[in-house]
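Listed here are the chains, written in short residue letters.
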Amino acid sequence: MTLAGSLPPARVAGVRRLQLDGEVLDEAVVLCFDQGKSFTGEQVAELHVHGAIATVASVLRGLGGMPGLRLAEPGEFTRRALENGRLDLAQVEGLSDLIEAETEAQRKQALRVLSGAVGSVVDDWRGKLVRAAALIEATIDFADEDVPVDVSTEVQVLVGFVQDALGQELTRISSAERIREGFEVAIVGRPNVGKSTLLNALAGREAAITSEIAGTTRDVIEVRMDLDGLAVTLLDTAGLRDTDDVVEAIGVERALQRAEAADLRIFLVEEDGVPLLTPVAEDIVAHAKADLGAHGGLAVSGKTGKGLDLLVKEVTRILAARAAEAGVMTRERHRIAMLRAFEALEAAQNEISHGPDRAELAAENLRRAARALESLVGRVDVEHLLDEIFASFCIGK
Amino acid sequence: MKHLDVIVVGGGHAGAEAAHAAARMGAQTALVTLRKDGLGVMSCNPAIGGLGKGHLVREIDALDGIMGRAADWAGIQFRLLNRRKGPAVQGPRAQADRKLYRSAVQKLTEAQTRLIVIEGEVADLIVDEHRVRGVVLADGSALSASAVILTTGTFLNGVIHIGDQRQAGGRMGDRPSVPLAKRLTDLGLPLGRLKTGTPPRLDGQTIDWTSLETQPGDDDPVLFSFMHKKPFVRQVNCGITHTNEQTHRIIRENLSRSAMYGGHIEGVGPRYCPSIEDKVVRFADKMSHQVFLEPEGLDDPTVYPNGISTSLPEDVQEAYVRSIKGLEQVRILQPGYAIEYDFVDPRALRSSLELRALAGLYLAGQINGTTGYEEAAAQGLVAGLNAALAAAGRDPVILSRTNSYIGVMIDDLVTRGVSEPYRMFTSRAEFRLSLRADNADQRLTPLGIELGCVHQARAAAFHAKMEALSRGKALLEAVQFTPKQANAAGIKVNQDGVRRSAYALLSFPDVTFEQLSLAESALSEIPSDVADQLGRDALYANYLDRQEADVEALRRDEEWEIPEDFDFYALNGLSNELKGKLHRTRPANLGQASRVEGMTPAALTLVLAKLRQLSRARSA
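The listed protein sequences correspond, in order, to chains C and F. Under the numbering used here, the first residue of the first sequence carries the number 1, and numbering increases by one thereafter. Under the numbering used here, the first residue of the second sequence carries the number 1, and numbering increases by one thereafter.
It is possible that some hints are incorrect.
Just a few of them, taken from the derived set where beta-carbon distance is under 8 Å, the chain F residues facing chain C [stated by the list, open to error]:
1) Met1
2) Lys2
3) Leu81
4) Lys85
5) Ala88
6) Val89
7) Tyr272
8) Lys279
9) Phe283
10) His289
11) Phe425
12) Arg432
13) Ser434
14) Pro509
15) Tyr543
Away from chain C, derived, C-beta distances all over 12 Å, residues of chain F [as the list claims (entries may be wrong)]:
16) His3
17) Leu34
18) Gly86
19) Asp139
20) Gly262
21) Ser427
22) Ile491
23) Leu539
Estimated spans, in silico, between C-beta atoms of each pair [claimed, not checked]:
24) C/Pro9 with F/Asp395: 32 to 42 Å
25) F/Val498 with C/Asp357: 39 to 49 Å
26) F/Asn572 with C/Pro9: 20 to 30 Å
27) F/Lys286 with C/Asp123: 42 to 52 Å
28) C/Glu346 with F/Leu544: 16 to 26 Å
29) F/Lys286 with C/Asp150: 17 to 27 Å
30) F/Lys182 with C/Ala72: 49 to 59 Å
31) C/Gly127 with F/Ile126: 46 to 56 Å
32) F/His583 with C/Asp228: 43 to 53 Å
Keep in mind the hints are simulated off the structure, nothing from the lab. Since we're looking at a predicted model, the values are computed, not measured. Ideal Cβ positions, reconstructed from N, Cα and C, are used throughout, including at glycine.
So here's chain C without its partners, still in its complex pose (with noise of 0.2 Å):
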C-alpha cells in the first residue's frame, strides 16, 4: 500500500505514517487480515486514524484516488460477509430478497452513525415524544384513576417542539442537494470593500469587474469552484448600502436576496461592519484589504492573496462538517421519515386541539408519527409509555 508505506503483519497493529504525494496526512494504526480471516472474509486493511473531520476527509481522499477504492455502501461490510459466508447465508439466490430486507438494517447502521452526529438531538425527540404520548394514554388507560382529564398544554408544546426541530432537520436536509449541486457562499459588504477583488482571487480569475467606483457590480456574479472537493458556487454581490440609484436599489435588494438565501456568508469589512445584514452562526467576518494595515482576526486582501489561504481553509471547514452532518440526515429515507413524522405530528396537534375527547386519534397520530421515526430515534415501545406513566402519575384505585 503506498499510503502506509510497508504493512505490519496480519493481525498485528503496527504504526504508521500515511503519506500522499509526499505530504504526510495522519499517524494511523494499520491493521491487516488475511483472505478467510475478517468479517467479511475477504483481504481487508483497517486504518485507525484520528477523528478530526480534515484528518479523515485527507485520508479518504487519498485513497479514493487510488485505482479500485470507493467508499462502502451502508451495510455493504454485512452483505459481503453474508456473500462470502461468513454469515452462513448459503443460497445466493434469496440474496435479492435478502437486499431488499436489508434496507431495514442499513436504517440501523445509519442510526448508529447518526447516534454520533446528532445523537443528544434525536435523544431529546425520542424523550419528547414518548412524554407525550403517555400523557395522552395515561388519560385513555387511566381515565378512571385519578390522573389529570387534559393534558393539551402540555402535549402541545411538546409535540410542537418536535415538530420545530423536524422542520430545521427538513431544511437541513438540503445539504445533501448542495453536495451534488454546490454549496453558495455569498461575498457581501459594503460598496468598494473589495468583494469582487476577492472573488477573483478566489476564482484565479477575473469573473467580475472591478473598479475605484464603489457599486460597480451590480447584478449578482456567480462563480463555480471545487474547494476540497466540494462544488461551491461563490457569489459576488452589489455592495450594501441605502441608495436612491434606482437600478443600484435594485442590485442591493438582489444581493441582500441571495445573500440570505445563500449557505454561508463571507462578510468583508473594514472600520464599521456591513448595514442592512447581520451575520449568522457560522458566518465569516473578514477584515478587507489587508494588504493596508494589519488587523487582529481574519484579514484578506484580494490584491495581494494575504489570508486568502486561511479564509479557503475556514470555508472548507464548515461546509465539510456541514456535509459530513448532511451525510447522515440526509438520505431519502430519512427525509422521508422526518416528512412522514413532520404530517402525524401536525395531525396530532389538529386532534389534540380538539381537546380530550379526540385523545384516541391524536393518540394514533403520535404513534404512527414514532413508527415514521423508528429509523432515527428507535422504536417506541408501549412498555416506555407505561413507565412514563408510572413515573409520573399515582395509579391504582
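Dock chain F against the given chain C, drawing on the hints supplied.
Chain F only, in chain C's frame:
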C-alpha cells in the same frame, strides 16, 4: 381409570372459561377444583371489565365464553369508561354482586353439556413419553386425559403476608398446592416471583354514607354480552372518599411493619395497582388519594375499598382506615393482605398456551404472570379451545395482534415475558382503532362459528346482526350528498362539487346519523342500534385504511413460521445474548421474533434468510 379429553385444574376465572371452551368444542371435559362452591369466586375486587379488560370480556363473549354473561347477570352498576372519548377506547365495566356472579358461573357450568366438576386436589401429573397423560388426585385416584390445563393462579408456592405474619396459602382460607408446584419445578420451567395485594374488607353498615360522594352507574347501561340489552338486577351506587394527611402519617410511621417495606416480600408487584404504602412513599407530595367504596353485593354489607390495598399489620390497617372520612367508625371484616406467588415465565409457552417442555400441558391465568379476572379468563378460553382441538387431533387456533386484544396479550406474554403482573391496557394494542369492544363479535364470532365453539342461538343472532349492518351500510353508501345538500343538512364540507356518500359523511367527527336521516328520509329505516354501530365503524374508516398496510406487514411476518427445531445458536452473526433470548423464547414466526426484546432488524434479516434457505431446501 376414567378417561377424558380435557382436564382443567383450578376453578377460578381461567379454569371456568377453559373448561367451558373445551366442552363447547365437543371435548369431554372435567374441571378439578378444591371446592365446588368456589367456582366463580371473585377473590379480589368485585368488578369486571374496564379499559382493555372490557375489551377482553367482549372478545370472550364473542367466542361464546361465560364471563360476559355471568357479569351481566351479576352486574349491579354498569359504567362505560371513556364514554366521552371515541368508541375505540371505551371500555365496559361493572360492579358485580359476588354471590350472583358465583351462582351465575355455577349455573352455566351445570348447564354445559360434556362438562363435569370434580372436587379434589390435583397432587401430580401423569407424564409418559414427554407427554402429559392425566392427573393424580390427592386421594390417590387418577384421571387420564389427552390434554391438561393448569389454572392454579397464585397457588404455586403462595405465601400470604399481613404485616410480619406470613402463612402459606393461595387466597385467604385456601390450601396451597405445593406438590404440584414441585412437579413444575422438576420440569425445569423458568419460574419468577410476583406479588399482589388486597385491601381490608369493610362492613358497609358501619360506614357513614351520608357524608360521602357517590358514583352512580350510567343512565343507559352498556352490558358485556352481545346477547344482552339491559341489566338483570337492581342497580346501586359506589361511594367515593379520600385518604388524608393523617392517614399518610399513620402509614409512614408504620412502614417498617409493612410486609413489603419490612423486607418480607421479594416478589415484584404491579405498578398500576400499588399498595397504599407504595403510594404514600412514591408520591409523597400527594396529600390525598381517592378511595372507591365498592359494594360487594345487593344483600351483602361487605364493602371493598378500592385503592388502599396493604400489607400492614391489622392494628395499623384499622387505624389508617378509620382516619378516612366516612370510615371513622368502620369495622374491618377481613384484613388486607399481600400475597407472593410463583409464576411460570410465559415465554416457555406456545401461542396456543401449551408448554413447550411438556406436550399436552396448557397453562392459563395468573400462573402465567398476568393479573386480573379478564386476562385470566381470556387465556383460559384460548387454552380450552386449543386443548380441545389437540384432543381432537386438530390444528391449534392462534389469535393475532391484528384481530384481538386476546391475541395482543398472548403474543406479549409468549414473546416478551413479564416483569410485573401483566395487565391489559388499550395502549398495548397497536391496532386499537380497529380492535374495539363494540366490534368484538364482528372480529371473532365468525372464527368461533368456524371452530365450533359458538352456540346456535348466538350464531343466529350474529348472522342477523351482520345482515342488518350490511343492509344499513349499503344504504348509507347509496345515499349521496352534494356539497350543497350537505351544507343544507348542517354539515360543513368543501364546496368542491364532489358528491359524498352518507357513510363518508358519517366519518366526519361532528356528523351524526340523526342529521343525515333528517336530510334524507330513506336513511330513517336503518334501526338506531345498527346506525350507531355503522357510525362507530365509519368514524375510523380513514385511519383503518392507513393501518391496513401495517396489518398486512405484520401478517406477512407472521406467515414466516419458525420451525420448532430451528437452531438459533447455529446462526452466525447474532450476539450470544440474542441467540440465548431467541432460544428461550422460541418465537413461532418472524413477527414474534421481531418483538423479542433486543431484536434488531439486522438480526431479523439473518433469521429470515435462514428461513428462506430452509424453505428452498424443503421445496427442492
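Measuring Cβ to Cβ, find out whether histidine 3 of chain F lies farther than 12 Å from everything in chain C. holds (44 Å)
Hint validity - tyrosine 272 of chain F Cβ closer than 8 Å to any chain C Cβ: With a minimum Cβ separation of about 5 Å from chain C (threshold 8 Å), the hint on tyrosine 272 of chain F holds.
Holds or violated: is there a CB of chain C closer than 8 Å to the CB of histidine 289 of chain F? At about 7 Å, which falls below the 8 Å cut-off, the nearest Cβ of chain C leaves the hint on histidine 289 of chain F intact, so it holds.
Between the beta carbons of lysine 286 of chain F and aspartate 150 of chain C, is the distance compatible with 17 to 27 Å? 19 Å Cβ-Cβ, so the 17 to 27 Å window holds.
Hint phenylalanine 283 of chain F vs chain C: min CB-CB distance below 8 Å? Because about 4 Å separates phenylalanine 283 of chain F from the closest Cβ in chain C, which is inside the 8 Å limit, the hint holds.
Could you let me know if the closest chain C CB is still more than 12 Å away from the CB of isoleucine 491 of chain F? holds (17 Å)
Would the hint on lysine 2 of chain F stand, with a C-beta cut-off of 8 Å toward chain C? violated (45 Å)
Within 46 to 56 Å: is that where the Cβ-Cβ distance between glycine 127 of chain C and isoleucine 126 of chain F falls? Holds: the Cβ-Cβ distance is about 54 Å, inside 46 to 56 Å.
Go through the hint on phenylalanine 425 of chain F and say holds or violated, using the shortest Cβ distance to chain C against 8 Å. With a minimum Cβ separation of about 4 Å from chain C (threshold 8 Å), the hint on phenylalanine 425 of chain F holds.
Can serine 434 of chain F be said to touch chain C, with a Cβ gap under 8 Å? violated (11 Å)
Can you tell me whether the CB distance of proline 9 of chain C to aspartate 395 of chain F sits inside 32 to 42 Å? violated (60 Å)
Quick one: are glutamate 346 of chain C and leucine 544 of chain F within 16 to 26 Å, going by C-beta? holds (20 Å)
Going down the numbered hints, you'll see the structure goes against 1, 2, 13, 18, 21, 23, 24, 25 and 27, while the others check out.
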